[in-house]
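Assemble the dimeric complex from its two separately framed chains, guided by the hints.
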Amino acid sequence: DGGITQSPKYLFRKEGQNVTLSCEQNLNHDAMYWYRQDPGQGLRLIYYSQIVNDFQKGDIAEGYSVSREKKESFPLTVTSAQKNPTAFYLCASSIVQGVNQPQHFGDGTRLSIL
Amino acid sequence: SQQGEEDPQALSIQEGENATMNCSYKTSINNLQWYRQNSGRGLVHLILIRSNEREKHSGRLRVTLDTSKKSSSLLITASRAADTASYFCATDALRTSYDKVIFGPGTSLSVIP
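Taken in order, these protein sequences are the chains called A and B.
Heads up: the first sequence at position 106 corresponds to 106 in my numbering, and the numbers run straight through without jumps.
Heads up: the second sequence at position 13 corresponds to 13 in my numbering, and the numbers run straight through without jumps.
Hints are computed from structural coordinates only; laboratory data are not their basis.
Take these hints with a grain of salt, some might be off.
As the list claims (entries may be wrong) - Straight-line alpha carbon distances no greater than 30 Å define the calculated DSSO-like cross-link-like pairs of lysine-lysine that follow:
no.: 1; chain 1: B; residue 1: K56; chain 2: B; residue 2: K70
no.: 2; chain 1: B; residue 1: K70; chain 2: A; residue 2: K57
no.: 3; chain 1: B; residue 1: K100; chain 2: A; residue 2: K9
no.: 4; chain 1: A; residue 1: K83; chain 2: B; residue 2: K100
no.: 5; chain 1: B; residue 1: K70; chain 2: B; residue 2: K26
no.: 6; chain 1: B; residue 1: K100; chain 2: A; residue 2: K70
no.: 7; chain 1: B; residue 1: K26; chain 2: A; residue 2: K57
no.: 8; chain 1: A; residue 1: K71; chain 2: B; residue 2: K56
no.: 9; chain 1: A; residue 1: K57; chain 2: B; residue 2: K56
Excised from the complex, chain B in its bound form (with noise of 0.2 Å):
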């Protein structure tokens, strides 16, 4: 099973409006990262949040983390329809064999201009 777990799987918002997508995981982490991906590309690196803090920013994204409800939730302000694209969760996983990091099934958001 998925360690981390977007929320919802599609997305659809106007222009100008913001975003919100949610991560949830299992076990407890040491870090999360967002990731974005355009159709047909690879992964871009968003943000890395770890477990001891609560909130981050990055331009107009912001991304928060709750570990006592395991979850994280990234904030895309004011989008374009450049945002258009899947964006995934990344956890690691603290009781495996080796370190690795979980990549969720993603959420499909549509700006439409």
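The shape of chain A in the complex, shown without the other chains (with noise of 0.2 Å):
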């Protein structure tokens, strides 16, 4: 089945720590995206990549950083500069980047602090 994998699924970061959330697709979709939703509102953007080598910040960008070598991954680091990283992260993903594209999402992980 085709779709898109998150791990872990919880994820605890001490003090100081960068912590890397994994994200898949074997959908073959150019576009990947990472969210953040906290309760009570929708969700916001913090990277986005329209292809392979190539990714722009989104509205929420500071203290987080992405990475995309291959088509398939796009994985998401949460560093130290993020003081407030507890939060739900979903990653998602389109056939191409456009504002007409349903997008797939995964199941999310969930970033407490320790």
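Here it is as structure tokens:
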């Protein structure tokens, strides 16, 4: 079955630690996205990538970094500079990047502070 | 501020009743999408409606779009307990530096068996 796999499902971060969230898709989609979801709020875009070896900042990129070395993979690193990282992180993909493209989502990673 | 905002924030109905959720937005759009999110899971795409369309159906779902009022509604007919979820509208923003989809804060729907 084609889809998006996020891992781990739960992640705990210590003070000063960088953590990396994994996102893998086998849908052959060019575009991939990372969102942050806080309670009572909509999804906020962290980073997106239209194609391999290219990515752009979204609305809340500070304290986060990404890479896109393979079409299938778009890992997100939450750095120690992100002072409020506790949230639900969602990865998504679409055939191409654009506002008329449905996005397919993974089941998320819940990040908490130890 | 949000481009799209759902109303009501929360809705509780009995199984078999219809559920209606609304989305209002501020600036002109190309498309509007509706997504569902079950608790602790990712979002699932339901319907995309283009700005030149007024109504779309998919199974028990009916979406309308009124561009003059800058609003959309999602109707779920004959609701089931399995419809319990949060529902989000997502709009595009035409006058930003890059194409992006903006998600509203969602409507939490509870269907009571």
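Here's how the hints hold up against the structure:
no.	hint	in the structure
1	K56/B with K70/B	16 Å, holds
2	K70/B with K57/A	28 Å, holds
3	K100/B with K9/A	26 Å, holds
4	K83/A with K100/B	26 Å, holds
5	K70/B with K26/B	7 Å, holds
6	K100/B with K70/A	22 Å, holds
7	K26/B with K57/A	24 Å, holds
8	K71/A with K56/B	33 Å, violated
9	K57/A with K56/B	33 Å, violated
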